Amino acid sequence: MLSFNALALISVLYVALLFAVAFWADKRAERGQGGWLRSPLVYTLSLSIYCTAWTFYGAVGYAARSGLEFATIYLGPTLVMVGWWVLLRRLVRIGKTQRITSIADLISSRYGKSNMLGVLVTLLAVAGTTPYIALQLQSVTLSFAVFMGGQSNAPEDLAAVALWVAFGLAVFTILFGTRNLDVEERHHGIVMAIALEAVVKLIALLAVGIFAVFWIGSGPSDMMARIDASPIDVWALQPDRWMTMIFLSAAAFICLPRMFQVMVVENEHERHLSTAAWAFPVYLFLISLFVIPIAVVGLSVMPEGSNPDLFVLTLPLAFDQNALATLAFLGGFSSATSMVIVASIALATMVSNHIVMPIWLSTRSGGATVSGDVRDVVIFSRRASIAGILILGFLYFRLSGGGAALASIGLVAFVGVSQVLPALIGGIFWRGATRIGAAAGLATGFVLWIWTSFLPSFGDGAILSASVFQEGPFGIAMLRPNALFWIDGLDPLVHSVLWSMALNTLAFCVFSLMSFPSPLERLQGATFVNIFRYSDRARGWAGRAAEAEDLLMMAQRIIGPGVAQRIFESEAATQGKQGYLPDVTPDFMDRLERELAGSVGAATAHAMIAQITGGASVTVEDLIRVADEAQQILEYSNQLEAKSAEQERTARQLREANEKLLALSVQKDGFLSQISHELRTPMTSIRSFSEILMGDTSMEAGDRLRYSRIIHDETKRLTRLLDDLLDLSVLENGQVTLNMDEETLGAVLDRAVAAMEVATGARHFAIERSGDGEDVVLFTDSDRLAQVFINLIANALKYCENPSPKLTIKVGQAAGQRVVDFVDNGKGIPTEAQTLIFEKFARVSDNHAAGGAGLGLAICREVMTRLGGSIVYLPGQGGAAFRVVVPDAKVKAT
Amino acid sequence: MSRPPEPVFLERQSYRRRRLSDAARLMPVVGLVLLLLPLLWADRATTSGGILYTFSVWAILIGATRLISRRLSDFDPFGEPRETSEATLSKDGGMR
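First to last, the sequence lines map onto chains A and B. Position 489 of the first sequence, counted from 1, bears residue number 477 in the numbering used here, the numbering being contiguous throughout. Position 72 of the second sequence, counted from 1, bears residue number 64 in the numbering used here, the numbering being contiguous throughout.
Derived from the structure by calculation, the hints contain no laboratory data. You may find that some hints are simply not true.
[Stated by the list, open to error] Partner residues aside, some chain A positions facing chain B, computed with beta carbon under 7 Å: (1) G55; (2) G71; (3) W73; (4) M212; (5) I215.
[Said to hold, decoys possible] Simulated restraints, written as ranges between beta carbons of each label pair: (6) B:L29 x A:L29: 27 to 37 Å; (7) B:L59 x A:P291: 42 to 52 Å; (8) A:N(-7) x B:L29: 50 to 60 Å; (9) A:S27 x B:R10: 22 to 32 Å; (10) A:E557 x B:R10: 40 to 50 Å; (11) B:D14 x A:E459: 48 to 58 Å; (12) A:S350 x B:L29: 49 to 59 Å.
Every value quoted in this text rests on a predicted model; they were computed, and no experiment measured them. Don't be surprised by glycine CBs; every beta carbon is placed ideally from N, CA and C.
Pulled out of the complex, with its shape left as it was, chain B reads as follows:
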């Protein structure tokens, strides 16, 4: 099935939003790389150093994700689910 062509260039708002979602996609990769880094120097470090590093990376990942998620939800408030009629119908379903 052919799709309607997507516009080649986007207005500023959509462009920012797409780059934000790119950043969101990048997060696990960045996190993985940071968490695998200790493998390079683990044999020369103390446990306390390792703990500090690991928990710092952890905190940074949390902070960055929070930032990106917030911005993303600002852009896209997700909207209510499409099938509102069905959803309300089943939520108060009378079969309890």
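Extracted from the complex, chain A is given alone in its bound form:
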């Protein structure tokens, strides 16, 4: 067996190694060579401070007493990690954006930066953690005692060990935990040392477990048989305890100050969380894997009455495996020390930010603007807090006698810190949660915890007399610590968790519903609950300006001149100013407050800035104004959107108009060249024939007559053309006077057909008319209408190339209007030409024989428009087909 001195030497060497690792990691981080120091693996390992000495030694004892129930302590955190997407991701994001320094800071910041809540949570945390630290000290001394064996078991020696351990831890924590007052509150050295200790304790426990299963036992199947044969085979699974413990361990995992410290405050990157989500459960799985085998083997091998809590240590010793025992000792030592280090840092931050600093600030009547470095005060208060907490833990250990009472303190502490859960969960998921509600819930939970869990944990008669347990205080049976409200027979732990959490949540909800939050609370509530939606924080400071110089002076004292000046300079630069004094805008005040909050907590930072600005930060009016501004911006953007849509529409219209104009211009050019051509052709022949007549006096009479006729014909054609042009121009300008009278459609058609029959004389041309519907009386300019009909018939006559041409004239109804269709049996008009035929001088073919100038259809269209009808080409009728929509007879009524 190792001597006490050898063991002490090993411990000191191990501690020296930790110092070296922490120092090295801090140096690397300082030089910006974070590298793998900031890997997800280190983050995951740092979470293992959840597994304290209570786990390392106590889990085996727990398993020996209650079987598988020990696993609930690790199943709860597994569920929390597995559900990281729901809660932890949110917490980490909030912690990062709001520069949260501790769980007390989170609660205080959420509920309007209320220091009262910060103090409450801090007190709760101190009350819950101090006994826990005492437990770690006890475990270290007990493990020393095991090694000393019979040599010397004097309590004084053990107390000395505890004292030295506490002292060493205080030195380590102060050295690496408060070397700097970091704006991000990260401790790379400590995290690294913890990660190393995590590996040591896992390896140690696995080694002892493998030793138990494969050395003492003979493999897994043999182990299963041993388990079924051992006293813990009776699987006394108590449903109420099973459920309660899973809930409790999950709640504590979230709320324990030390867990919050490593999980949220020391978190380097959100991405690490997604790895830890499965990697940390793996760690817990491995830690738990051999607990029952060690317990079973211990129970069967170790003598009757040996402490199962120390099987991890005594089992290797019983088989004279000194090296393994030493490893196990180091594992336990690591578990204890890493927990104490982080817990004391977390508590010291809370105590200094929420208790010491506010008191110190309020005693300084000069306010925050007096010169002098606050950092010294903050760091000193942290160091003093760490020392104080460790002294408190040591005293607790001494006073409680280090007996069995301590063993149960782990769960008691869990119940205590879990009281923060309702305020925490409510705060980040429910905007309606208020400061009053949170305070009421916390206070209720705190009192119930003290009464039902903390005080009874000292045992009957220690603090509470046995009569209080049996009859209640002052004989009030309703208030018995283990049977509140007359409900007897519950397991004490289940009883305490049930009542404290239920009434805590009830008080939290009821008071939240009844109270009205301050503007700052509402602002913070909205920011916390919608942390993923608005990663830009809402503004907390309104109009009221402070002097930039005062702010700079204060900032320098808290975060140091270098950082403060850099912040001010960069802010001034973004504002486009030179020097160190930016304009004090609300945005800047927010940023500054956040930076300060990273060092001294949200409540203190807020109070300090409030001292300089001399009053409240944000009022209801400010909130409403901010909301109004947002509303206005929204409306403005809506208007812009509508405007841009309108502009697009206008642009489209303009584009169309432009295209039309261009087309018209082309048309006009075409028209001019056409018209000159049409006028020139007859003129040329008139001129040349008249020159012949003039020059040749000896012309025969027959020739002269022929030439004169040509001239006459050409003149007639020219006149007709000019008539048509005039007609068209008159029609287009709307100067035409219509002679309206009544006439049946049939009569108009008769006239048109009769007029054309004169012309068709030379050619056989059949015109088919059914006569149906022609008796309708029209009120229109019948001459003009006849002109249109004549034109259409003439066109058919001219262009129909069928050997036996035929024109069908059909009167009918289409879309409620009276229509007259003229359909011939020719080739029709090609599709591409159909849109053109109504244009002036448009001719489909070069068939000039017809002698038309191409104005006929253009005139028809104008006439029909004047008459209130229309004319369109009707495709798909087997030949050329025109549909004339005849103006309705109802015009007659007017």
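Following the hints, complete the assembly by docking chain B onto the known chain A.
Chain B alone, transformed into the frame defined by chain A:
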């Protein structure tokens, strides 16, 4: 404050990502149900059976979470924190 309307339908990528995060939200519920199941048959089972069951559930939860977390980080590489300027500023803060 009114928010800009969110689109009703999402493209395939975003849709998958949302369903993955739904799965991530479901994990603790599934885990809790699986871990409470032994309450139904604890009185008839041996401890070794209970151990096997509990640790199997544990392993399954770890595996499933690993799968989902991996896929989620593939979709969303989290991006660097928004306030890079402030972050770098404070990381090399000169007050040590």
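The hints, checked one at a time:
| no. | hint | result |
| --- | --- | --- |
| 1 | G55 | 6 Å, holds |
| 2 | G71 | 3 Å, holds |
| 3 | W73 | 4 Å, holds |
| 4 | M212 | 4 Å, holds |
| 5 | I215 | 5 Å, holds |
| 6 | B:L29 x A:L29: 27 to 37 Å | 33 Å, holds |
| 7 | B:L59 x A:P291: 42 to 52 Å | 48 Å, holds |
| 8 | A:N(-7) x B:L29: 50 to 60 Å | 53 Å, holds |
| 9 | A:S27 x B:R10: 22 to 32 Å | 29 Å, holds |
| 10 | A:E557 x B:R10: 40 to 50 Å | 43 Å, holds |
| 11 | B:D14 x A:E459: 48 to 58 Å | 53 Å, holds |
| 12 | A:S350 x B:L29: 49 to 59 Å | 55 Å, holds |
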